[in-house]
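Visitor: What follows is each chain in one-letter form.
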Amino acid sequence: MPTVSMTVNGKAASGDAEPRTLLVHFLRETLGLTGTHVGCDTSQCGACVVHVDGKSVKSCTMLAVQANGAEVTTIEGLANGELHPMQAAFREHHGLQCGFCTPGMVMSAIDLVRHNATPSESDIREWLEGNICRCTGYHNIVKAIQAGAQAMKG
Amino acid sequence: MHNFEYHRPTSVADAVQSLKGAEDGKILAGGMTLIPTLKQRLAAPSDLIDLGAIAELKGIKDEGGMITIGAATPHAMVAESEVVRRVIPALADLAEGIGDPQVRNRGTIGGSIANSDPAADYPAALVGLDATVQTDRRRIKADDFFKGLFETALEEDEIVTAVSFPKPEKACYAKFPNPASRYAMVGVMVARAGGAVRVAVTGAGPCVFRLPEMEQALSGNFSPDAIKGIEISADGLNSDIHGSAAYRAHLVSVMARRAVTDCA
Ligand SMILES: Cc1cc2nc3c(=O)[nH]c(=O)nc-3n(C[C@H](O)[C@H](O)[C@H](O)COP(=O)(O)OP(=O)(O)OC[C@H]3O[C@@H](n4cnc5c(N)ncnc54)[C@H](O)[C@@H]3O)c2cc1C
Ligand code: FES
Ligand code: FES
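As they're listed, the protein sequences go chains F and Y.
Here our numbering runs 4 ahead of the position in the first sequence, where the first position is 1.
Here our numbering runs 93 ahead of the position in the second sequence, where the first position is 1.
Think of the hints as simulated: they come from the structure by calculation, not from any bench.
Backbone N, C-alpha and C define an ideal beta-carbon position, used for all residues, glycine too.
It cannot be assumed that every hint is accurate.
[Claimed, not checked] Pair ranges (Cβ atoms, derived):
(1) F:Glu86 with Y:Asn271: 23 to 33 angstroms
(2) Y:Glu116 with F:Glu75: 15 to 25 angstroms
(3) Y:Glu116 with F:Asp45: 39 to 49 angstroms
(4) F:Met5 with Y:Pro272: 40 to 50 angstroms
[Claimed, not checked] Heads up, simulated DSS-like pairs for lysine-lysine below, C-alpha to C-alpha not over 27 angstroms straight-line:
(5) F:Lys147 with Y:Lys132
(6) F:Lys59 with Y:Lys240
(7) Y:Lys119 with F:Lys59
(8) Y:Lys260 with Y:Lys119
(9) F:Lys59 with Y:Lys151
This is chain F alone, in the form it adopts within the complex (with noise of 0.2 angstroms):
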């Protein structure tokens, strides 16, 4: 089995993995990381959303042999002794309620951020095209990244 090595939340990670081993499940599975989640089998649903190599992916829809050498953030990246201004606009604004699409979504917008750092409410809105949320109707979840933005300013 190959052994995959990477770069994941700033600390170098490797497992074995299968080729046919999803980035996803190894991130999970292999390195325990299971703040990413698995919404769907059919790559439309970005429960699964992380950052690789700086730009946003379904990581269930890329083998872990993929990202060998890759620079990878999942949710569990993002907090530094406290909350990531985005993630702290997510509880502020109740941009979630079950919480299962929230990994996505705060990944999937400070991937926005980094294009368009003040994303109009169609903005926001289009982003979010690849991410499903099935309890929140996403009107929070768009308050809540206007606000993370301003926030990431500084």
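Given chain F, put chain Y with the ligands in place with the hints provided.
Guide: What follows is chain Y with the ligands alone, placed relative to chain F:
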């Protein structure tokens, strides 16, 4: 997912070698179609040859009067490209409208066209803009590349390396996305270059096709009124839970007129 051998070549030549040497090898590009297919066990290749480490396949060049996009260039890179935005804005718009941001970060132009999904966007761009597909062994005109439902002119072990687009005077893409999947229910690329007009339709039929009657009408008078009266036959068009063939035929006219209007 069934297991497979994984290869990560760093050159096209090595990728072709690996593909030829495999019992039932498949190219892995962005994986946005192939990985879901493997998960559902709809395919069980013996080997996957990943294009991800081949630098020569990624990037966008403006040379010889053409915009050339490497096969492994992700949709997001096309959407964000300054040169594509300036020279063929319709192509940047099309790339920006594919799926969602995470799909656009991984999915590639080569994977999209090699797959020839009836509802994919890029086939309309290639045919509408009269592009040429480059492979490891030959050049294929877009008109000859798309053969049918999930069928292209590619040989079993042939790899798409790039797509070259001539620069149109005007081009616009109008898409009616499926509200659930965001794939095209119908997408129409209208382009004018050197006096000739091309109209390419995706989503409506088993694979991308042109509309000669509209092309002729628009060559004489490039306005939405010129094609208003043209009836689109529903014969052979797709019919599924999302829409009947007659509905799609109607959408083709509407999207074609919108594309022409957007060009004005
Ligand atoms: C949720 C979701 C929404 C989507 N929405 C849209 C949409 O709105 N519009 C749209 O057009 N598409 C859409 N897609 C598809 C997406 O655009 C992918 O880019 C496309 O499916 C395939 O590209 P890929 O690079 O991921 O290829 P892969 O999945 O890696 O490969 C697809 C096929 O092409 C072959 N292949 C790949 N590269 C080459 C090459 N260079 N030479 C020869 N063969 C090759 C592979 O062997 C495989 O058979 C969507 C996908 C998802 C998951
Ligand atoms: S788990 Fe649904 S998109 Fe990845
Ligand atoms: S909060 Fe429950 S799925 Fe979004």
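Visitor: Against this structure, judge whether each hint is valid.
Guide: So, going through the hints one by one against the coordinates:
Checked against the given bound of 23 to 33 angstroms, the beta carbons of glutamate 86 of chain F and asparagine 271 of chain Y, roughly 42 angstroms apart, lie outside it. Checking the proposed 15 to 25 angstroms range against glutamate 116 of chain Y and glutamate 75 of chain F shows it is violated: the Cβ atoms sit about 35 angstroms from each other. For the pair glutamate 116 of chain Y and aspartate 45 of chain F, the beta carbons lie near 27 angstroms from each other, so the given range of 39 to 49 angstroms is not met. Distance hint check: the CB atoms of methionine 5 of chain F and proline 272 of chain Y are about 42 angstroms apart, consistent with the given range 40 to 50 angstroms.
Note on lysine 147 of chain F and lysine 132 of chain Y: the hinted pairing is violated, with a Cα-Cα distance of about 35 angstroms set against a maximum of 27 angstroms. For the hint linking lysine 59 of chain F to lysine 240 of chain Y, the alpha-carbon distance of about 34 angstroms lies beyond 27 angstroms, and the restraint is violated. With a C-alpha separation of about 26 angstroms, the suggested pair lysine 119 of chain Y and lysine 59 of chain F falls inside the 27 angstroms cut-off, and the hint holds. Of the pairs offered as hints, the one joining lysine 260 of chain Y and lysine 119 of chain Y is violated, with about 33 angstroms between alpha carbons and a cut-off of 27 angstroms exceeded.
Restraint check for lysine 59 of chain F and lysine 151 of chain Y: the C-alpha separation of about 16 angstroms stays at or below 27 angstroms, so the hint holds.
In summary, the structure is inconsistent with hints 1, 2, 3, 5, 6 and 8 from the numbered list given earlier, while agreeing with the others.
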